[in-house]
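Novice: In case you want the letters, here they are:
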Amino acid sequence: MNPILFYLFSILMLGFGIAVVANRNPVASAMSLVVSFFCLAALYVGLDAYFLASIQVVVYAGAVMVLFLFIIMLLDLKAEQRRKFNKLAIGGGALVALAFAAQLVGVLGSHPRGDKPFPELKLPVGESLNDLQHVGETLFSLHTLPFQVIGVLILVATIGVIVISKRELK
Amino acid sequence: MAYIVPRPELTFKEKAYLPSILNGLKITFGHFKKMMKGETKVTMQYPEETWDSELPEHYRGAPTLVKDEHDRERCVACQLCEFICPPRAITIKPMEIPADDKFAKVEKRPAEFEIDMIRCIYCGMCEEVCPEQAIFLRKDYAITGITRAEMVHDKAKLYELGGVFKGLVHKWNPEK
Amino acid sequence: MTTLAFFDSIPWEMILWAAGKSLFVIFGVVLPLVSYTVYAERRVSAAIQDRVGPNRTGFPTTLLGFKKDLQLFLGGLGQPIADAMKFILKEDFTPAGVKHFYFWLAPCLAMLPLVSLAFIPFGSSLFGEKMVIANVNVGVLGIFAVTGCSVYAIVLAGWASNSKYPFLGGIRSSSQMIAYELSMGLSIIPVLMLFGSMNLSDLVQYQADNGWLLLPLWGNGLSTERWLMLIPLTISFIIFMIAVFAETNRLPFDMPESETELVAGYHTEYGSMKFALFFLGEYAAMIVGSALMVVFFFGGWHIPLIPDGNGVGGLSFLHALPDWVWGIVNITAFFGKVAVILVFFIWVRWTLPRFRFDQLMKLGWLYLFEIALANIFLAAAVLAFTSN
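Chains as they are written, first to last, in this note's numbering: chain A, -2 to 167; chain B, 4 to 179; chain C, 38 to 425.
Next comes chain A alone, as it looks inside the complex (with noise of 0.2 Å):
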C-alpha cells in the first residue's frame, strides 16, 4: 500500500474517531463514527483484503450505523447537548488512556518479536488474491466450533429480544 495513502487514511480514521467522543450532537458522533469505518475499510483495501473492506462497510456502516442513527432520531437526545463538561471525568479519563498506552509500549517494547519488522507479504506476480474464499475455508474448517457457537449465541440474543419486546406488549 502507498505510504501516503495509508498515513491519509489512519490519520482520518483516528480524527474522526476522536471526533466520535469529542462531538456534543450524537448524530453529528454517529456521522464520524461511520467516516472512521470508512477509513478502516479504506485500510482494507490497501491491504489486498477487499472482502474484509466489504464486509466492514456492508455490517458497520451499512447496517449497524444506519440503526443507530435510526435510534438516536427517534429519541431526539437533546440533554447531551447541554450537558457541562465534567473536568474531572476527563482527568481521569486521560489518566487511564496515558496509563494504558504506557503499558501497551511497555508490553511490545519488551516482547522479543516487537523490533523485528513483519516479513513482506508478496502475492506472486499475476496473480489475485481469492481472500474470500481463504476467509470461507479457513472459517469452516479451523474455525467451525466457533462460528458454530457465535451462531447459537446470536440466536440467543434474538430469542430474547423477541420474549423482551412480546412482554411488553401485554
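Derived by calculation from the structure, the hints in this document are not laboratory data. From the three backbone atoms N, C-alpha and C, an ideal C-beta is built for every residue, glycine too. Hints may contain errors.
[As the list claims (entries may be wrong)] Derived contacts from chain C toward chain B, CB cut-off under 8 Å, selection only:
no., residue
1, Val81
2, Ala84
3, Ile85
4, Asp87
5, Val89
6, Trp384
7, Thr388
8, Leu389
With chain A held as given, fit chains B and C onto it using these hints.
Specialist: Leaving out everything else, chains B and C in the frame of chain A:
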C-alpha cells in the same frame, strides 16, 4: 347509526396478489400499445393543428369594430358598450363629425376606441347591446402580446380585425 | 526523503487515469443515461395514461424572434437539457432552522449509487481493455456495501430538514431499506452458490459460455443441474426484483416520499439543484438495480451467436469484422437490456398503487425474507442432488 361493513373473503388467487399485478400490467400495456399504434385520441397539437375550421357559428372570440359598405364607421360613439362592459375593458372617446363630412348627419363617431384585451372576458355583452351593429365578436382567440400596451386594441387594430359588414342597418345610408 | 522524491513516489499517472476513467463514465455515460431515463419515464407514463408527454422541446429560437422553435431533437429529446437548465437556474433556497451541514451533505450522498456502477461489467472488452472499472473478486459485496450506505442520504435529509414530513419519510426509508436489504442479499445467494465466486466479470463470462442463468440453452447450461436450478433461480429473480423496487424507493414501495401522505417525503424542504441531486440519485439507483438484474440473470453483455470483444465465440462468419465492432455491440447489448428493465420499472410504477407501510413491512420480513432463506436450502439441495 353505525353498522359493520363485512370484509370480503378473499380467495387464494386474490390473496396471492401476483395474478392481479399481472392483470394490471396487461391493462396498462394495452393503453401503451394503443398509444404507440396511434389509435388513442389525444390532445390537438396546438400551433401546428388548429380548430379554426371547426369553430361553431356562435363562437365568441375577440371583439372587433366593423365598417359598412360605404366605408363608414358603424360606431356612433353612443358608449352603451362602454357602460355595459362587465370588466370595464372598453374606453371610448367620442368626437363630433365635422359638418363638411359625407356622414355629417350621423353627428358622432369615436375619436378613440380602445378595448383592453387583458380585461376582456369575451362575454359578448357589447355585441348584444350595440344599437348600430357596430361591434362583433369574431373568431380570433389567440390574442397575445409581450407588453401590456400591446394588449390594448386601439381603433385601427379593431377595424383591421373587424373589416366590413354589409347590411342590417341602413338608416345612415346616403341614398336615404 | 526530499520533497521532490516524495512527489515522485505518488503514482500520478495511475491517479489521473483512474480519475479520467471515472469522470468519463459518470459524465459521459451515466448522467446522460439517468436524464434520459427521466425522459423515458415521462413519455412512457404519458403513453400509459393516454397522453402525449413532452414531445416538442427544441432550441428556443422564438426568443430571438423566429417564428418557431428549432426542433433539432426529434420529439422533445431536448427535454432533459431543459430540465437541467431549469434546476441549475432556480433559486437555491435553504429554509430557516435546518441543520446546515447535514442539509448540504445529504444531496451529495444521494449520488452515492453511482459508485456501485464501478463494479458492474458493462461490456466484454474493447481494444483489449476490460469494460469494467473495478474488476475485484468481491464485486457483489461491494455493490451491497454501496447500496447499504445510500440510505444515509435519505435519513440525513429527513433529519436535517427539521420538519415533520421529511423526518417521517427518512424514518420510513431507513426501516424499509434495512428490511429489504436482507432479502436482497439472501436472494442472490443461490446464484453465487451455483457460480462459486463473487467476481461479476467472471459471472458474465460464465453465462456467455454456459447459458444465461434464466436461459440455459447452450454449453454447460443443457445439464440437468442447470435446468433444476431454474426453480430456485426464478424464485431468486422475483425476490431480487421486488427488493430492488423497495431499495430504490420506486412505486409500489415509495413510502419515503409518498406524496399523498408526506407532501414529498424526505426532500420536501429541498429545491433547485439539491432536489435534482436526489432525483438523479433515485434514477441512478434504478439503473444500478437494472444493471445488476442483467448481470445476474440475463447474461450481462452477452447475446447468443454474437462474438465478444476478443473475437471469441459466436458464429464463425461474424469474425470477418474487426473485434472492436463486437466489443461495441456487446456494450450496446448491455445497455439495451438495462433499458428494457428500466421500462419495466416505469411500467410497474404507472400500474400499481402504493402499499400501506405495515403491509410493506409484513411483505419484507414475513414473506420475502423467509422465502429467500428457504430458497437457499432448495438451491443447496438441488446442487447436492445433481453433483452425485
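Novice: All hints, please: hold or fail.
Specialist: Consistency of the hints with the structure:
With 8 Å as the threshold, the beta carbon of Val81(C) comes within range of chain B, its nearest partner Cβ sitting at about 7 Å, so the hint holds. Hint status for Ala84(C): holds, given a least beta-carbon distance of 4 Å to chain B, under 8 Å. Against a cut-off of 8 Å between C-beta atoms, the interface hint on Ile85(C) holds, since the closest Cβ of chain B lies about 5 Å away. At its closest, the beta carbon of Asp87(C) sits 5 Å from a beta carbon of chain B; the interface hint therefore holds under the 8 Å criterion.
Against a cut-off of 8 Å between C-beta atoms, the interface hint on Val89(C) holds, since the closest Cβ of chain B lies about 5 Å away. Hint status for Trp384(C) relative to chain B: holds, with the closest Cβ pair at about 6 Å, below 8 Å. A least Cβ separation of about 4 Å between Thr388(C) and chain B falls short of the 8 Å threshold, and the interface hint therefore holds. Below 8 Å, beta-carbon pairs count as interface contacts, and Leu389(C) has one with chain B at about 6 Å; its hint therefore holds.
The structure fails none of the hints (numbered hints given earlier).
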